[in-house]
Amino acid sequence: MSKAVIEHAEASETFNKDEPYVDWHDETLWFVRKKRDISSKLLPEWEELRETASQIKNYVLSHMDDLLEAFEKNAKANGIHVHWAVDAKEHNEIVLAILKQHKVERMVKSKSMLTEECHMNEFLIQNGIDVIDTDLGERIVQLRQEPPSHIVLPAIHLKKKDIGDLFHEHLGTDAGATDPQYLTEAARQHLRDKFLTRRAALTGVNFAVAETGGFVVCTNEGNADMGAHLAEVHIASMGFEKIIPLQSHLGVFLRLLARSATGQPVTTYSSHFKKPRDGQEMHLVIVDNGRSTQLGRADFRNSLKCIRCGACMNTCPVYRRSGGHSYHNAVAGPIGSILAPNLDMTKNADLPFASTLCGSCSNVCPVKIDIHDQLYKWRQVLVKGGHVPQAKEIGVKAMSMVLSQPRFYQWSGRLGRSVMRTLPFMVNNSLNPWFKQREMPEPPKESFRDWFVRNRK
Amino acid sequence: MSSREKILQQVKLNKPSGTDLPARYTFDSGYANTEDKFKEVLQSIYTEVIIVASMEHLREKVEEMYVDVVNKASTIPELASWADFSLQVSDPHDLEMIEVAILQAEFGVAENGAVWISDNHLQHRVLPFITQNLAFVIPRNALVNNMHDAYNRLSDTTGWGCFIAGPSKTADIEQSLVIGAHGARSMVIFLVEN
Numbered sequence: 001m002s003k004a005v006i007e008h009a010e011a012s013e014t015f016n017k018d019e020p021y022v023d024w025h026d027e028t029l030w031f032v033r034k035k036r037d038i039s040s041k042l043l044p045e046w047e048e049l050r051e052t053a054s055q056i057k058n059y060v061l062s063h064m065d066d067l068l069e070a071f072e073k074n075a076k077a078n079g080i081h082v083h084w085a086v087d088a089k090e091h092n093e094i095v096l097a098i099l100k101q102h103k104v105e106r107m108v109k110s111k112s113m114l115t116e117e118c119h120m121n122e123f124l125i126q127n128g129i130d131v132i133d134t135d136l137g138e139r140i141v142q143l144r145q146e147p148p149s150h151i152v153l154p155a156i157h158l159k160k161k162d163i164g165d166l167f168h169e170h171l172g173t174d175a176g177a178t179d180p181q182y183l184t185e186a187a188r189q190h191l192r193d194k195f196l197t198r199r200a201a202l203t204g205v206n207f208a209v210a211e212t213g214g215f216v217v218c219t220n221e222g223n224a225d226m227g228a229h230l231a232e233v234h235i236a237s238m239g240f241e242k243i244i245p246l247q248s249h250l251g252v253f254l255r256l257l258a259r260s261a262t263g264q265p266v267t268t269y270s271s272h273f274k275k276p277r278d279g280q281e282m283h284l285v286i287v288d289n290g291r292s293t294q295l296g297r298a299d300f301r302n303s304l305k306c307i308r309c310g311a312c313m314n315t316c317p318v319y320r321r322s323g324g325h326s327y328h329n330a331v332a333g334p335i336g337s338i339l340a341p342n343l344d345m346t347k348n349a350d351l352p353f354a355s356t357l358c359g360s361c362s363n364v365c366p367v368k369i370d371i372h373d374q375l376y377k378w379r380q381v382l383v384k385g386g387h388v389p390q391a392k393e394i395g396v397k398a399m400s401m402v403l404s405q406p407r408f409y410q411w412s413g414r415l416g417r418s419v420m421r422t423l424p425f426m427v428n429n430s431l432n433p434w435f436k437q438r439e440m441p442e443p444p445k446e447s448f449r450d451w452f453v454r455n456r457k
Numbered sequence: 001m002s003s004r005e006k007i008l009q010q011v012k013l014n015k016p017s018g019t020d021l022p023a024r025y026t027f028d029s030g031y032a033n034t035e036d037k038f039k040e041v042l043q044s045i046y047t048e049v050i051i052v053a054s055m056e057h058l059r060e061k062v063e064e065m066y067v068d069v070v071n072k073a074s075t076i077p078e079l080a081s082w083a084d085f086s087l088q089v090s091d092p093h094d095l096e097m098i099e100v101a102i103l104q105a106e107f108g109v110a111e112n113g114a115v116w117i118s119d120n121h122l123q124h125r126v127l128p129f130i131t132q133n134l135a136f137v138i139p140r141n142a143l144v145n146n147m148h149d150a151y152n153r154l155s156d157t158t159g160w161g162c163f164i165a166g167p168s169k170t171a172d173i174e175q176s177l178v179i180g181a182h183g184a185r186s187m188v189i190f191l192v193e194n
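Keeping their order, the protein sequence lines are chains C and W.
Residues 1 to 457 in full-length UniProt numbering are what the first sequence lists, from first letter to last.
Residues 1 to 194 in full-length UniProt numbering are what the second sequence lists, from first letter to last.
Read the hints as simulated data drawn from the structure, not as lab findings.
Some hints could be false.
As the list claims (entries may be wrong) - Simulated pairs of lysine-lysine, DSBU-like, Cα-Cα distance not exceeding 35 Å: (1) W/Lys-12 x C/Lys-73; (2) W/Lys-61 x C/Lys-76; (3) C/Lys-377 x W/Lys-6; (4) C/Lys-103 x C/Lys-89; (5) C/Lys-73 x W/Lys-37; (6) W/Lys-6 x C/Lys-275; (7) W/Lys-6 x C/Lys-347; (8) W/Lys-6 x C/Lys-100; (9) C/Lys-305 x W/Lys-12; (10) W/Lys-6 x C/Lys-76; (11) W/Lys-61 x C/Lys-73; (12) C/Lys-305 x W/Lys-6.
Keep in mind the model is a prediction, meaning the values are calculated, not measured.
Based on the sequences and whatever the hints tell you, model everything.
Below, the structure is given as structure tokens:
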């Protein structure tokens, strides 16, 4: 099976070569996770809020078609042009057609993971459109010509020195300057010029409200609003699962979103778009791109409840120590690993294995997605479907044989312990993947079973 | 078949069997003092809250605070002669020069320090974002406890509206908090008694 991507395990190995860097990455994300803990514990109703959000999202999944139709009707009545795209290609073509119709060749964009999923920037650039990402983190990774490594913190994998060097090269900041205040100010000046000179702006959508036909976009920087309110044409792209029934449901979701993401009580800006301003054109593209297939998979449809807070990434011991790019998917981490196989089982077969199944992701998820259960279930599906490399398949089969035969299991345990005691080099070598980054344990003299049999009175 | 029909048909076919919305989805926040909570949260997000007794006092206060500032704009009639930058422009790009904008807003939310502003109070949507510094004026009694109360108060969102909580910020460089990303570099909230 040939693959165009570097598998997660291999990419993680590269990531782990620089130990102080991995420690720093790990601690930085854990710091964000701790902020989430402090913030959530200030609300006595936190667990009830999660349950409520989960139930609202369950309702959304089971009434998706009605809600989408109601949303479309209300959005149109508000003067928004509504488009539907079955896949990434159609989404990108719709955006290009709108820009061409308005003879726009340069566009500003605020954060939209959907456009990352659709590889829209590459497509537009190939078609002669200049796209500028305006979220600071996204602008940084765009200048580096790499994708975001985290859905909320796009440049979390970079040190300030990397960004200082990058800005020195592209924005003319002083060589060697690494002060975040100074670098942010340089980006502010650079991007303000873009906001003032671009006639079209694209934003993502955090929530689309069926009841009002409006949509909400959340940012801390204010870049979505700067772009949209200055542009003649505002295009908003949304995966269809972003829909919620009532405006008052936003009370639940906005209380959960920022607290889960960064520990803030709310994002600085929660902008409610409903009608274009006078003289402006507003377009909304509703995208499927595999979502309706996922909706039909009983074991995996809950992944569509995701509100993209990133809490599962910040808490994940594997994500923190392997970095977002190791996941070779627009959405990394635990949630990305259950969304990605739906898009391409062959290319993304490694991702559900990039987990310890510790369950921390499910525990922090604000909409109670059973993430670690789905990771486990994807493994079954992928092995049965023949999407997993043969070595892993043989390993799993051998383990299943040993574990299903008690006498064989006892014998192999005894053999293993004696080998580790007498011939330690048999396991303490680079051919054994368990020896990577860790010492092998001291083998016990006997198994628990032997001890139990001997001591049972 | 159009893409719209294809998507809706597939969704209809694949959606799970119906579940109900939760009967209750709002919660009370029993703050001892809503205004104290509002001030406390805003202080933590770098925003000063100033209580003024009347619109005359507001005027005196802002004259004192922004004494050397040029390019001042306001949507508040009582501050019309204080302002030296007219909002009567047809192109919102012209607002780029504004140094400070003092804007009437509707109400504030104690749990997160957010203030609701909408088309009802604003002729240019970009104004609270493009100004270098921002101040909101809201009636002292227009504070609610939490976001559920906020949406109860908000019957409709008009054409556009926004909850704004503090100045613009980013932590995209090594998680170091920097105030003044793209929007306002500073924020003040005036609570007016009468």
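Verify the proposed pairing of W/Lys-6 with C/Lys-100, using a straight-line Cα cut of 35 Å. Holds: W/Lys-6 and C/Lys-100 sit about 26 Å apart, inside 35 Å.
Given the hinted pair W/Lys-61 and C/Lys-76, is their Cα-Cα distance within 35 Å? 45 Å, violated
35 Å limit on alpha-carbon distance, applied to hinted pair W/Lys-6 and C/Lys-275: 27 Å, holds
Quick one, are W/Lys-12 and C/Lys-73 close enough, alpha carbons at most 35 Å? 18 Å, holds
Between C/Lys-305 and W/Lys-12, does the CA-CA distance stay at or below 35 Å? 17 Å, holds
Agreement of W/Lys-6 and C/Lys-347 with the hint, judged by alpha carbon distance not exceeding 35 Å: 26 Å, holds
CA of C/Lys-103 to CA of C/Lys-89, is that 35 Å or under? Status holds; Cα separation ~21 Å.
Are the Cα atoms of C/Lys-305 and W/Lys-6 separated by 35 Å or less? The given pair, whose Cα atoms are some 22 Å apart, holds under the 35 Å limit.
When you check the alpha-carbon spacing of C/Lys-73 and W/Lys-37, does it fall within 35 Å? Given pair C/Lys-73, W/Lys-37 is violated - Cα atoms ~40 Å apart, limit 35 Å.
For a C-alpha distance cap of 35 Å, please report whether W/Lys-6 and C/Lys-76 respect it. With Cα atoms ~20 Å apart, W/Lys-6 and C/Lys-76 stay inside 35 Å; holds.
Next pair to validate is C/Lys-377 with W/Lys-6; report whether the Cα-Cα distance is within 35 Å. 28 Å, holds
Do the alpha carbons of W/Lys-61 and C/Lys-73 lie within 35 Å of each other, as the hint requires? Distance ~48 Å between W/Lys-61 and C/Lys-73 Cα, so the pair is violated.
Hint compliance for this structure: hints 2, 5 and 11 are not met, and every other hint is.
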